[in-house]
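*Asks:* The primary structure of each chain is shown beneath.
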Amino acid sequence: MRQKTSESLLKTIFQYVSDTIVVLDEKGIIVNANPSAEILTGYSTEELINKINLCDICHGMERCADFTACINCFTTLGSISSFKIRLLHKNGYIVSAAASTTRLPQHIGGFLIVVLRDISEHNKQEQKHIQKKMANYVIQAQEEERKRVSRELHDGVGQAIYSMIVGLNIIEQMELEDDLKDHFQLVRDMAVQALSEVRHIAVDLRPSSLDDWGLVAALRSFARQFERTYGIITKLSVVGQERRYKSSIETALYRICQEAMINAAKYANIDTLEIHFEDQDQLLYLVIADFGRGFNLEKIEVLGTGLGIYGMRERAKLIGGTFEITSKFDYGTTIRVYVPLGKEEETTYGHSCSNS
Amino acid sequence: MNTLESTINKCLEELRLKAGADFSALALQEPRESTIRWKYAVGNKNERFRRIVLRLGKGIAGKVLMSGRPMVLENYEPRQHDDPQEYPILYAEELRSALGVPVSMAGRVKGVLLIGYRNASCIIEEGVVELAKQVAKEMENIIGI
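For the record, the sequence lines run as chains A and B. For the first sequence, our numbering gives the first residue as 4, with consecutive numbering after it. For the second sequence, our numbering gives the first residue as 1412, with consecutive numbering after it.
Quick caveat, the hints were computed from the structure, so don't treat them as lab data. Among the hints, erroneous ones may be present.
[Unchecked claim] Partial list, derived from the structure: chain A residues whose beta carbon lies under 8 Å from chain B:
no., residue
1, 146
2, 149
3, 258
[What the hints assert, rightly or not] Far from chain A, by Cβ distances over 10 Å, these chain B residues were calculated:
no., residue
4, 1414
5, 1458
6, 1539
Please read these numbers as outputs of a predicted model, since none were measured by experiment. By construction, the Cβ of each residue, glycine as well, lies at the ideal position given by its N, Cα and C atoms.
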C-alpha cells in the first residue's frame, strides 16, 4: 500500500510539477516528457515523445559565461548541475530556460533526465534591473563631472582672473599717463566680464547654491536667472519646514525642475510659470505648472526627443519617487513629482555634501 | 510715449513692413554693464522681450554685439539638447527665422537690430540684409550718443 502511494505520488509530481522534466536517450531523442514540457516548448507530449531530438529545438546552451558548441553538447555528457539553454518554441520564439541534467547509470537505461525552468520572465526583470542601474550610473557620472568642472572653473580659472583684476586695480593708484590708465581700465573691464562669464558657466553646470544652501535656495536662484534668460516670471511657493535632504534627492528634484521649466519656456508660450514645493514630513511634493499651449502626451516625439520626459521620470524613480505629467491643449501642462522620505533617510542641516 | 521711442518704433515698423516680417526690434547694450536688453519692438505678441537680459555672446543680440557682424537664422526649431539660452527672443516671439545686424555708435557696436519671421519657410534674402543695414545706419543717427 505504502509503495503504491509513493508511486502514485511520484506520478502526480511528474504530472503536475511546474518544472519541465524531459528524458533523453543516448541519441538525444525525447523518450518521455511531462505536461509542463508542453507549456515550455509549445509541442504536445505526442509531438515530443519519440519524435523530436532535443537538438532540433535547442538554440544554444551556456555554462557560466561561455557558450558551448554542439560538439560537446550536454546530451553527450554526464550530469550537469546547472546551465542555461535556449529553446525554439513551436510558435517561433526563443524561450530561455535554466537547466540541470542527471545521467542515469547504464544498467537502468543510461537516459539523461533534463529538468528545465522557464526564466524568460526572470531575464526580463534582470534586463530592467540592469537598465535602471545604467541610467543611475549615467546620471550620477554626469552630475559628478558637472560638479568637478564647475568647481575647477570657479576655483581655478575664476580665481586667476580675480587676481588679475586685483592686480589691474592697483594701476589706478599709480602715477601714469591718462591714455595708459585708460588702456588698463579697458583691460580690467574685459577681465571683469570674463570673470562674470566664468561664474555663469560654473553656475549653469552645477550651482554651488545647491550644495551650500540646498534645494529651495537653488530653485530661487534658478528662477531669478530663468526670468532674465526667457523673460518668463516664475512664482515659487514653498510650504513646510525648510530643511536639507540627501544630496541625490536635492539634485534630482533640481534637475527635474530645471528641465520642466526650460521645456515650458521653449514650447508653452507663456509669460508666467508656477512652482510649488511642499515638505509634508514623510513626503516631498514638487509641482511645475504652466497655463500655456499644452501638448498631446501621446505624440511627444513631435517636439524633439520626448521633451526629456523619460529623463525626468528616471531621475524621479532613482530617488524612489513618482513622476506625473498632464497636459491639455490651450490649457497648460502640469508636472508633479512625489518623493517619499523613508525612516532611513537622513535629513541633515547645514552642509550635507556626501561626495566631495 | 516719448518722441525717441515713437521715432524708433516708427522706423522699426517701416522696416518690418518693407521686409515682410512679423517682428522687428532694437536691442541696446546696458551702459556700464556687459548685458544687452531688447528696448524697442514692433509686431510683438507679448512683453516677454522686455524682461530678457542677455550676456555678451548669448542669443542673437549677444552674438551680433560681440562679433560686430550680421547673423542669419533660418527655419530654427528648438531641440532638446541645444543650449536653451541661445535664442530666447525666438522662443518669446515664436520666430522661426531672424536676421540681426549691428548698430554702431562712435565706432563701437552698441546695439542690434532684429527682423523676425514666424513662418518657418521664410528665407532671409540678400535684399533684406542690405535694407536692415541701411536702417541700422539710420538708427545710429536717431540714437546718436
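*Asks:* If a hint holds in the structure, say so; if it doesn't, say that too.
*Replies:* Here is how each hint holds up against the structure:
no.: 1; hint: 146; result: violated, 17 Å
no.: 2; hint: 149; result: violated, 14 Å
no.: 3; hint: 258; result: violated, 14 Å
no.: 4; hint: 1414; result: holds, 26 Å
no.: 5; hint: 1458; result: violated, 7 Å
no.: 6; hint: 1539; result: holds, 26 Å
Against the hints set out earlier in the document, violations occur for numbers 1, 2, 3 and 5.
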